[in-house]
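Number of protein chains: 2
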Amino acid sequence: MTSTCVDVKELPNSYIFVADVPGLKNTDVKVQVENDSILKISGERKRDDNPNHDIKYVRVERSSGKFMRKFNLPANANLETISATCLDGLLTVVVPKIPAPESHRPKTFDIAVANINFVYK
Amino acid sequence: MTSTCVDVKELPNSYIFVADVPGLKNTDVKVQVENDSILKISGERKRDDNPNHDIKYVRVERSSGKFMRKFNLPANANLETISATCLDGLLTVVVPKIPAPESHRPKTFDIAVANINFVYK
Chain A
8 MTSTCVDVKE LPNSYIFVAD VPGLKNTDVK VQVENDSILK ISGERKRDDN
58 PNHDIKYVRV ERSSGKFMRK FNLPANANLE TISATCLDGL LTVVVPKIPA
108 PESHRPKTFD IAVANINFVY K
Chain B
8 MTSTCVDVKE LPNSYIFVAD VPGLKNTDVK VQVENDSILK ISGERKRDDN
58 PNHDIKYVRV ERSSGKFMRK FNLPANANLE TISATCLDGL LTVVVPKIPA
108 PESHRPKTFD IAVANINFVY K
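Those protein sequences? They're chains A and B, same order as listed. Following the numbering used here, the numbering of the first sequence begins with 8 at its first residue and continues without gaps. Following the numbering used here, the numbering of the second sequence begins with 8 at its first residue and continues without gaps.
Since the hints were derived computationally from the structure, they do not count as laboratory data. Check before you lean on any hint, since a few could be wrong.
For chains that are exact copies, the list does not tell them apart, and a pair is met inside one copy or across any two.
Said to hold, decoys possible - Derived DMTMM-like pairs (lysine to aspartate or glutamate); straight-line CA-CA distance at most 25 Å: (1) K104 <-> E68; (2) K114 <-> D55; (3) K53 <-> E87; (4) K32 <-> E109; (5) K114 <-> E41; (6) K104 <-> D14; (7) K114 <-> D14; (8) K77 <-> D56; (9) K37 <-> D55; (10) K32 <-> E51; (11) K37 <-> E17; (12) K47 <-> E109; (13) K16 <-> E109; (14) K32 <-> D14; (15) K32 <-> D55; (16) K32 <-> E87; (17) K63 <-> D14; (18) K16 <-> D61; (19) K32 <-> D95; (20) K77 <-> E41; (21) K32 <-> D56; (22) K104 <-> D61; (23) K16 <-> D43.
The model shown is predicted, which means the values in this text are computed figures rather than measured ones.
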């Protein structure tokens with residue numbers, strides 16, 4: 008299992024996951040939600056060498072093989088509207104937030120004072 | 008200075024350098040030959056955040072900043088025909104080899120034996 012670096016950032020209305028996937032296209036990566044709470048990113052980096060070519064590796068620094076990362080999603084993640092794009096070797100997953108309910112604001116209001124004479128018995 | 012992983016492979020007719028440059032396009036990387044002998048790859052990885060957005064980084068794993076790598080080129084590198092492409096976050100530099108001169112092959116051949124009588128004096 009190879010490593011894949013991921014940044015996670017929070018915006019007012021969404022969470023954004025950005026993963027380095029150099030050499031991969033959108034068909035090479037898989038984005039899933041597990042158990043309504045976990046974002047799973049997986050795929051495989053292969054060395055696209057022509058098997059018919061006589062190739063000798065002089066230096067190997069780039070990682071290859073399968074990769075997988077999981078992230079717990081916050082409670083306010085809108086799982087129904089998650090979207091993902093893969094461009095220039097970057098996978099970007101946008102997880103919109105569910106809008107918070109209108110918070111309770113202290114109110115000030117008048118109560119009518121009735122002009123009634125109470126009769127104490 | 009951030010790191011950039013590079014593979015180097017040798018084919019019968021060329022050397023190929025492959026660098027991970029996720030998020031970068033061909034205009035973001037620079038490929039140069041220095042002193043007729045050194046291949047230099049450089050560029051900068053930036054975080055493309057909209058300065059007008061209120062962004063909070065929850066996790067930072069991806070490297071950013073300037074990067075630079077240098078490699079000694081072999082004597083048979085054809086500096087005039089080096090080419091480079093940047094696709095899907097991978098920079099590929101192809102350095103063709105100068106064809107080696109025809110190697111000396113042992114030959115087998117006949118030498119005519121002349122029908123002459125040497126006269127020793």
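Verification of the supplied hints:
1. K104 <-> E68: This pair counts as between: shortest inter-copy Cα distance 23 Å, intra-copy 38 Å.
2. K114 <-> D55: So K114 and D55 fail the 25 Å test inside a copy (65 Å) and across (42 Å) alike.
3. K53 <-> E87: neither (31 Å within a copy, 31 Å between copies)
4. K32 <-> E109: neither (41 Å within a copy, 43 Å between copies)
5. K114 <-> E41: Neither, since 42 Å and 71 Å both go past 25 Å.
6. K104 <-> D14: within (18 Å within a copy, 40 Å between copies)
7. K114 <-> D14: neither (41 Å within a copy, 65 Å between copies)
8. K77 <-> D56: Between. Shortest inter-copy distance 24 Å satisfies the 25 Å Cα cut-off; intra-copy 30 Å does not.
9. K37 <-> D55: Both, since 19 Å and 24 Å are each at most 25 Å.
10. K32 <-> E51: For K32 and E51, the Cα distance is within 25 Å both inside one copy (11 Å) and across copies (22 Å).
11. K37 <-> E17: within (22 Å within a copy, 32 Å between copies)
12. K47 <-> E109: neither (31 Å within a copy, 56 Å between copies)
13. K16 <-> E109: The answer is within: 24 Å in one copy meets 25 Å, while 60 Å across copies does not.
14. K32 <-> D14: both (19 Å within a copy, 20 Å between copies)
15. K32 <-> D55: both (13 Å within a copy, 20 Å between copies)
16. K32 <-> E87: within (23 Å within a copy, 32 Å between copies)
17. K63 <-> D14: between (34 Å within a copy, 11 Å between copies)
18. K16 <-> D61: Classified as between: cross-chain Cα gap 10 Å, same-chain 44 Å, threshold 25 Å.
19. K32 <-> D95: both (8 Å within a copy, 7 Å between copies)
20. K77 <-> E41: Result: close within a single copy only, 9 Å intra versus 44 Å inter.
21. K32 <-> D56: both (17 Å within a copy, 23 Å between copies)
22. K104 <-> D61: This pair counts as between: shortest inter-copy Cα distance 15 Å, intra-copy 52 Å.
23. K16 <-> D43: within (20 Å within a copy, 44 Å between copies)
Hint compliance for this structure: hints 2, 3, 4, 5, 7, 12 are not met, and every other hint is.
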